[in-house]
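> Here is how the chains run, residue by residue.
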Amino acid sequence: MTQLIKYIFHFYFDGFRNMTVGKRLWVIVIIKLFIIFFIFKLFFFHDFLQTHFTTNQQRSNYVIEQLTNPKN
Amino acid sequence: MEHFSLALLDWSRAQFALTAMYHWLFVPLTLGTSFIIAIMETIYVRTGEEIWKKITKFWMTLFAINFAIGVATGIILEFEFGTNWSNYSWFVGDIFGAPLAVEGIMAFFMEATFFAVMFFGWNKVSKGFHLTSTWMVAIGSNISALWILVANSWMQNPVGMHFNPITARNEMANFWAVLFSPTAINKFLHTVSSAYVLSAIFVLGVSAWYLLKNRNVKLAKRSAVVASTFGLISILFTILTGDGSAREAYRVQPMKFDSFEGLYYGAKAAPLITFGVFDRHRPSLENQEPKVFTSKFEVPKLLSLMATLDPNSYIPGIDDYIKGNKAMGIVSYSDRIKMGQTALASLKTYHEALKEKNDSLASTSLKTFQDNYKYMGYGYFKDPYNLIPNVPLIFYSFHVMVGLGFLFVILFVLGLIYSMKDNLHTKRWFLYAALWTIPFAWLASEAGWLVNEMGRQPWVIQDLMPTQAALSNISSTSVMITFFLFGVTFTVLLIAEIRIMLKQIKQLNDGGH
Chain U
1 MTQLIKYIFH FYFDGFRNMT VGKRLWVIVI IKLFIIFFIF KLFFFHDFLQ
51 THFTTNQQRS NYVIEQLTNP KN
Chain F
1 MEHFSLALLD WSRAQFALTA MYHWLFVPLT LGTSFIIAIM ETIYVRTGEE
51 IWKKITKFWM TLFAINFAIG VATGIILEFE FGTNWSNYSW FVGDIFGAPL
101 AVEGIMAFFM EATFFAVMFF GWNKVSKGFH LTSTWMVAIG SNISALWILV
151 ANSWMQNPVG MHFNPITARN EMANFWAVLF SPTAINKFLH TVSSAYVLSA
201 IFVLGVSAWY LLKNRNVKLA KRSAVVASTF GLISILFTIL TGDGSAREAY
251 RVQPMKFDSF EGLYYGAKAA PLITFGVFDR HRPSLENQEP KVFTSKFEVP
301 KLLSLMATLD PNSYIPGIDD YIKGNKAMGI VSYSDRIKMG QTALASLKTY
351 HEALKEKNDS LASTSLKTFQ DNYKYMGYGY FKDPYNLIPN VPLIFYSFHV
401 MVGLGFLFVI LFVLGLIYSM KDNLHTKRWF LYAALWTIPF AWLASEAGWL
451 VNEMGRQPWV IQDLMPTQAA LSNISSTSVM ITFFLFGVTF TVLLIAEIRI
501 MLKQIKQLND GGH
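Sequences listed follow chains U and F, in order. Here our numbering is used: the first residue of the first sequence is 1, the next is one more, and so on. Here our numbering is used: the first residue of the second sequence is 1, the next is one more, and so on.
Check each hint, because a few of them may be wrong.
[Stated by the list, open to error] Below are the BS3-like pairs computed for lysine-lysine, each with C-alpha atoms no more than 27 Å apart in a straight line:
1) F:374 with F:326
2) F:124 with U:23
3) F:296 with F:326
4) F:503 with F:53
5) F:382 with F:427
6) F:374 with F:323
7) F:127 with F:53
8) U:23 with F:127
9) F:367 with F:382
10) U:23 with F:53
11) F:54 with U:23
12) F:427 with U:23
13) F:221 with F:503
14) F:506 with F:218
15) U:6 with U:23
16) F:374 with U:6
17) F:54 with F:503
18) U:23 with F:57
19) F:421 with F:221
20) F:348 with F:338
21) F:427 with F:503
22) U:6 with F:124
23) F:503 with U:23
24) F:221 with F:53
25) F:127 with F:268
26) F:427 with F:506
27) F:326 with F:367
[Stated by the list, open to error] What follows is a set of in silico ranges between Cβ atoms, one per label pair, in the way DEER data are often shown:
28) F:294 with U:19: 53 to 63 Å
29) F:212 with U:27: 25 to 35 Å
30) F:443 with U:13: 49 to 59 Å
31) F:269 with U:58: 55 to 65 Å
32) U:38 with F:491: 15 to 25 Å
33) U:5 with F:176: 50 to 60 Å
34) F:413 with U:27: 37 to 47 Å
35) U:50 with F:298: 47 to 57 Å
Treat the hints as calculated values from the structure; they're not laboratory data. All C-beta atoms in this analysis are idealised placements derived from N, C-alpha and C, irrespective of residue type, glycine included.
Using the sequences and the accompanying hints, generate a full structural model.
What follows is the structure in structure tokens.
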């Protein structure tokens, strides 16, 4: 079991260490994920119903209100 | 439609279109290239020829670049659902959530696990296990696409659900009906096969560039054989499933189908317009102005044949749906609007009755609601003519997609013939054509999505929820700001992808000339 874990660890460790193009790609992926999750999601994309209401009952009441009384 | 803020609607739609279209720049190349790589590696394992290993590794590098740049760009769409389209997100309930959850889990386990073996496993695992991993990445990527496309198909043809009038959410009643709806099957097969075509054109085009430069000739020739064969099979399948998709649209989204062909007025033995130029954007149906095209080329009876398999059948036009056609059993849009308004009013009454604990009123209003639910979305409209999508845009997008599709058939046939005769490298005109076809593969693919999504308008869920009713009550300014942020981010990512790819392509040297 220990041997297997060691093998898997070295498999990934050596794989990452020997990457050439991959290193630059990982930098891009990390920057991109940071922008998506820590800038877009945190500052701009709050879940509207989750943010404004605490229970599903309130959420469904709100949506029903929205659907049955569309704004003019 | 007469309700809600137009600025908010326009910016929200523009943002969704921008992010979805950018996302789709990366996805099809992943879907198709993964299979092309798997085929190349299979040849390597079977023949043992080292050149095939080198070919596989080269295309695998380009695949990795595209995958890395494109991965997670689709998550932004899910953010938008929760922020900009919260009414929609609530309304669809677990119908949308279930397939997306399955997609997330499967994508993680299949792609993440086998991806590492595919890239790190050369000379560390057996050839057979490595090949299996490569195939699993291809299959996993495509299965991920299945769940997304099933969710999208449900929006085109909502089946297998039950609407809960108390929570205002749709609940999954029959998972298999959702998964195996004819719309979903056709859409999945058509979309992934078109992605294979795009990838084959990419591989053929890059190979053509090497041959034009007289570099990596052996690699290029062999790649071209795989790309032409895979591309030809894929494009024929794309045409076949496209035909199925169109017939499905005729059945469940007839307004979209009529928009494909600019069919404002119904016709018996309807011709298929292969080329046409619109006279005006929106002919006045009220005044019965029949002149829609300034010039057109049509094939007699073909539209009737393709839609119904009967060349002499009557194909209802947009006019038939607006005004109704009793002989065809088509309920007019005016009547649907009335029924939709009844559905919305009775839903409101139902909830008021529940609050007042008036069981009798609740029961009768619920019955009225259920009787009219089928047309609920129409209740948001006053003018039936506002239910017509942007016909010229859909018509031109459809014809660009189909026209390019048939050009791709010629490209792959010639590519295969020249490869078999081993004179591909001498056909410089063809090599230039193959190279310059690369952007057109993306054009056709994006045009297909325009047809699919714009053709569904004004609906976000066909017949049940118009796009405007799906919106959140938020400021249009915030949507506008994030629109530009996304535009900049995606453009930077796209430029990065193109630059890294070009560098990899240019620096490859297999030593062969």
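> Does each hint fit the structure? Answer for all of them.
Verification of the supplied hints:
| no. | hint | result |
| --- | --- | --- |
| 1 | F:374 with F:326 | holds, 19 Å |
| 2 | F:124 with U:23 | holds, 20 Å |
| 3 | F:296 with F:326 | violated, 30 Å |
| 4 | F:503 with F:53 | holds, 21 Å |
| 5 | F:382 with F:427 | violated, 60 Å |
| 6 | F:374 with F:323 | holds, 18 Å |
| 7 | F:127 with F:53 | holds, 11 Å |
| 8 | U:23 with F:127 | holds, 25 Å |
| 9 | F:367 with F:382 | holds, 24 Å |
| 10 | U:23 with F:53 | holds, 22 Å |
| 11 | F:54 with U:23 | holds, 20 Å |
| 12 | F:427 with U:23 | violated, 38 Å |
| 13 | F:221 with F:503 | holds, 21 Å |
| 14 | F:506 with F:218 | holds, 16 Å |
| 15 | U:6 with U:23 | holds, 23 Å |
| 16 | F:374 with U:6 | violated, 60 Å |
| 17 | F:54 with F:503 | holds, 17 Å |
| 18 | U:23 with F:57 | holds, 17 Å |
| 19 | F:421 with F:221 | holds, 11 Å |
| 20 | F:348 with F:338 | holds, 15 Å |
| 21 | F:427 with F:503 | holds, 26 Å |
| 22 | U:6 with F:124 | holds, 14 Å |
| 23 | F:503 with U:23 | holds, 15 Å |
| 24 | F:221 with F:53 | holds, 15 Å |
| 25 | F:127 with F:268 | violated, 60 Å |
| 26 | F:427 with F:506 | holds, 21 Å |
| 27 | F:326 with F:367 | holds, 26 Å |
| 28 | F:294 with U:19: 53 to 63 Å | holds, 57 Å |
| 29 | F:212 with U:27: 25 to 35 Å | holds, 33 Å |
| 30 | F:443 with U:13: 49 to 59 Å | violated, 43 Å |
| 31 | F:269 with U:58: 55 to 65 Å | holds, 57 Å |
| 32 | U:38 with F:491: 15 to 25 Å | holds, 20 Å |
| 33 | U:5 with F:176: 50 to 60 Å | violated, 41 Å |
| 34 | F:413 with U:27: 37 to 47 Å | holds, 42 Å |
| 35 | U:50 with F:298: 47 to 57 Å | holds, 52 Å |
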